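If you're matching them up, the sequences are chains Z and L in order.
Under my numbering, think of the first position of the first sequence as 366, with each following residue one higher.
Under my numbering, think of the first position of the second sequence as 8, with each following residue one higher.
Since the hints were derived computationally from the structure, they do not count as laboratory data.
Note that the structure is a prediction, hence the values are computed from the model and not measured.
We treat Cβ as the ideally placed atom computed from N, Cα and C, and that holds for glycine.
Any given hint could turn out to be false.
Simulated crosslink set (PhoX-like; lysine-lysine; CA at most 20 Å straight-line) [claimed, not checked]:
(1) K657/Z / K875/Z
(2) K167/L / K73/L
(3) K252/L / K492/Z
(4) K894/Z / K860/Z
(5) K226/L / K502/Z
(6) K252/L / K502/Z
(7) K646/Z / K600/Z
(8) K539/Z / K577/Z
(9) K203/L / K492/Z
(10) K492/Z / K367/Z
(11) K695/Z / K761/Z
(12) K17/L / K73/L
Below, a sample of chain Z positions facing chain L; criterion: calculated Cβ distance under 8 Å [stated by the list, open to error]:
(13) V484
(14) R488
(15) F573
(16) K620
(17) W846
Given next are the chains, with one letter for each unit.
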Amino acid sequence: MKVLLVTQTRNKKGQAASTEQTLVTDILRIGRGTDCKLFLPDPRIALHHAVIRSAVDGACYIEAETGTVNVEGSFERAAKLRENQRILIGPYEMLVLPDRKDFDLVLCVELIEPLREGVDEVRSHVKAGLQNTWLSKRIFSWSLFAIVLAVFLGWPVLSAMNQPPPEQRKEAVKAASVTPDASWDVGPLASAHASFGRDCNSCHQQPFVQVKNDACESCHKTIGWHFPLKTPVAKEIHNTIFPDTRCASCHRDHKGPNGLVRTDATLCTDCHQDLKSRHPKIGTANISDFTKNHPGFMLSILQPGKTGEGAIVRVPQDDKAKPREASGLKFPHDIHLSKKGIRGPDGKVNMECANCHVRDEAGIRFKPVTMKDNCQNCHSLEFEPKVTSRQVPHGKIADVVDTLNEFYAQAALADTPIDVVVEAGIRRPGERMSETKRQAALTWATEKAGKIAKDLFEDRVCFVCHQITPVAAAENKPATWQIAPVAVTQHWLPKSRFPHSQHNTFECSKCHQVTDSKVSADIAIPDIKNCRECHGGNEPAKDKARGTCETCHGFHTGSHKAGVPAIVPGSNMPKPALKQVSSDAPGGGAKQ
Amino acid sequence: MRHRTVLEYKRYRYLKLAVIVVIAAIAGYAWYGSPVGRYGGTLMGYGLGTVGALLILWLMWFGIQKRRYRGSTGSVQGWLSAHVYLGTTLIVVATLHTGFQIGWNVHTLAYALMMLVIFSGFYGLYAYLRYPQLMTENLGEDTLDSIILKIADIDREARKLAVGMADNINQAVQDSLENTRIGGGVMAQLAGRVRKCPTANAVTVIQASVRQVKGEEAKTNKDLYALMLRKKNLVDRARMDVRYKAVLDFWLFFHVPLSIALLAALTAHIIAVFFYW
């Protein structure tokens, strides 16, 4: 097919100019694709818009390749080309000119709708691209940046730098519903710290400085270090092992209500598994696990007759010379706990442990057994039961003797009808006692009191529990008795804690075998094997309760977790000295 | 050769690096059993936090780097590949840094912002992998500009044809010419379609009047119908194109401002931790 292509253009005045081009091709492809013989470079034209091909009948046909072509105003898929036919292809008009010699087809092509014309209106209705809307990354970014920085950094820092004095600050924090630094709180405080916790500066006292021990010790005034620092060696060991240790090295707060206290075994075993390597002067055995290498218990036994620090001796429980308690008292557990019962003031009773051993308020250990609370109900101190229910006081020998002297003197002088009083003669009513009779009565009373005292101490009452030695009368001194000093150990294992309340579910006899104990010297504290029956070690063990170091021990000496020190006569918790009330004090000082 | 996505860049070079970082972080976390717990305040916690903070700064540097056409190191595709993979590792590194402790505080704010940035980034990655192909399928040979030109042509034709038609048809066509909107506000761009499109309405109106016209008018009606149908098709495609472009961009309006907010929160977090040490 040989085609003459006349391309017509017009200048601004509308004058036409044309160029001619001969195309020889099988098919005449029309489109904006560069492979098209009739190349129409306009975006409104498809790449391959239409083709013109000659048919066997010699005529030419146009076929739309994409969509339709506009043939004389009608949209057609295909059409036969005729002379003077106008075909619109997008913005181009194609006019079929009369045939010329040598050409199969003569086409005149003219751009009648130049690009851009009439497009502006359509374009005014098109708004593409989010950057052309109100959205703005820059504004969003700067706004968020400023807000976050102001609220979460600027506000807290400025308020921290301009703190009022502590008291005012505490009040202000209490009053505020939101504090500036609330957003810095990394987690819930320990329960005990919650009451002042919103006042961050009560602990965090200096910016960019780790919490100092002073902050802790301002409240925790009595907390002790790991061991008493009374000797130079102890101090030296302490300084070697804990040179830079802060309270917060172990106690990390903001870790929940119970998160402040470490309970992991490594707290102890890090050092205790190889103490010698920490310091050569440490004499304590290496321990890494309760079940593996924990030594037998050391009993702290109160020595009779001693007071102060020397009153306690530490004896290994598994010592070959079996440790005995020298309490100075006689107490056969077997008789008291006999299944046959024991005679009480109101007949026979069956006693049990709790009759005498009463749990202390903390539920950890037991209140000391006392004569008044635990013994005297059965072991009455009555001395003249037929006449009076009075009892001698439990305590000093002199008080006992005085009580007896007073009683019998009163009886003699007032003619109390005690059988033996008859010896002094009975007065008639209203009769005044003569001096001779008075002397005789007092002599009688003194002798009687002495007899009864001897009876009480040596035969009837005191000797039942106490070890008593008579002391013969000496110059200017009446006969008296020596009572062996009482030293009942209250805390056998003071370096551990054993909460009895957590072991309520067991019978006492599970650990304390006393039903066959005939003497008070028997020690009924269970040994380590007994504990190991139920308690495992650091690692969870099958059928075993937890048994980490912290189960029984604490870190700080003097803390409640270290166990309460044994009660040593004369070394109890010091009472604060009574303070003299100043005469200047309001309402005070009048009656000093 | 098949097109390689950013994920496959240099045979997954940065995926491998990311896996190494993640394994190292998890191993470090597992190995370092601090007696006071695993959290940001231990040595390992500080370590993970430092790695995380440096990663964040480096990832944000990508926003600057990609604008430098004379980039000094590596291709934009390489940077993007690393940005995606190393950004993903932050999920693990930062979560381990927290020790799984979260609360209503600036520290968790920084963490939450970081997670939002990362997950908005995931969406962006999804968009970049999916929408360009859909855009090509939608436009074919066209561009938005060529579609506009074609619509302008159709409008011109339609205006001429509609003049001789019944009032309702003429009105519908005029409405289509004057009020057919493509794109517009944020929602209009993202929606990609208009519920009461004047052009769709014109198509319906002209189609409904097919049986009421005869002769020459019927032919004009048919032509007008064809025009409006073509226009509707073009308009729909133009709107889809606008929508795809909007969707491709939209996530960045979160990703970028949130990452800037993260920078502020991260600064506050680090200063706060050491201010109240």
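Okay, the hints, checked on the actual structure:
1. Distance hint between K657/Z and K875/Z is unfulfilled; the C-alpha atoms sit about 23 Å from each other, more than 20 Å.
2. Among the hinted pairs, K167/L with K73/L is inconsistent with the structure: their alpha-carbon atoms are about 50 Å apart, more than 20 Å.
3. A distance of roughly 12 Å separates the Cα atoms of K252/L and K492/Z; the hinted pair therefore holds under the 20 Å criterion.
4. Of the pairs offered as hints, the one joining K894/Z and K860/Z holds, with about 18 Å between alpha carbons and a cut-off of 20 Å not exceeded.
5. Restraint check for K226/L and K502/Z: not satisfied, since their Cα atoms lie roughly 52 Å apart, outside the 20 Å limit.
6. Between the alpha carbons of K252/L and K502/Z the distance comes to roughly 16 Å, so the proposed pair stays at or under 20 Å and holds.
7. Restraint check for K646/Z and K600/Z: satisfied, since their Cα atoms lie roughly 11 Å apart, inside the 20 Å limit.
8. This hinted pair does not check out: K539/Z and K577/Z have alpha carbons roughly 24 Å apart, beyond 20 Å.
9. Of the pairs offered as hints, the one joining K203/L and K492/Z holds, with about 18 Å between alpha carbons and a cut-off of 20 Å not exceeded.
10. The straight-line distance between the Cα atoms of K492/Z and K367/Z is roughly 47 Å, outside the 20 Å bound, and the hint therefore fails.
11. Between the alpha carbons of K695/Z and K761/Z the distance comes to roughly 18 Å, so the proposed pair stays at or under 20 Å and holds.
12. The hinted pair formed by K17/L and K73/L meets the criterion: a straight-line CA distance of about 18 Å does not exceed 20 Å.
13. With 8 Å as the threshold, the beta carbon of V484/Z comes within range of chain L, its nearest partner Cβ sitting at about 4 Å, so the hint holds.
14. The criterion of a C-beta within 8 Å of any C-beta in chain L is met by R488/Z, whose closest approach is roughly 6 Å, and the hint holds.
15. Interface restraint check for F573/Z: the shortest CB-CB distance to chain L comes to about 5 Å, inside 8 Å, so the restraint holds.
16. A cut of 8 Å between beta carbons decides the hint on K620/Z: the least distance to chain L is about 6 Å, and the hint holds.
17. Interface hint at W846/Z: violated, since its Cβ lies 60 Å from the closest Cβ of chain L, which is beyond the 8 Å cut-off.
The structure does not agree with the numbered hints 1, 2, 5, 8, 10, 17 stated previously, though it agrees with the rest.
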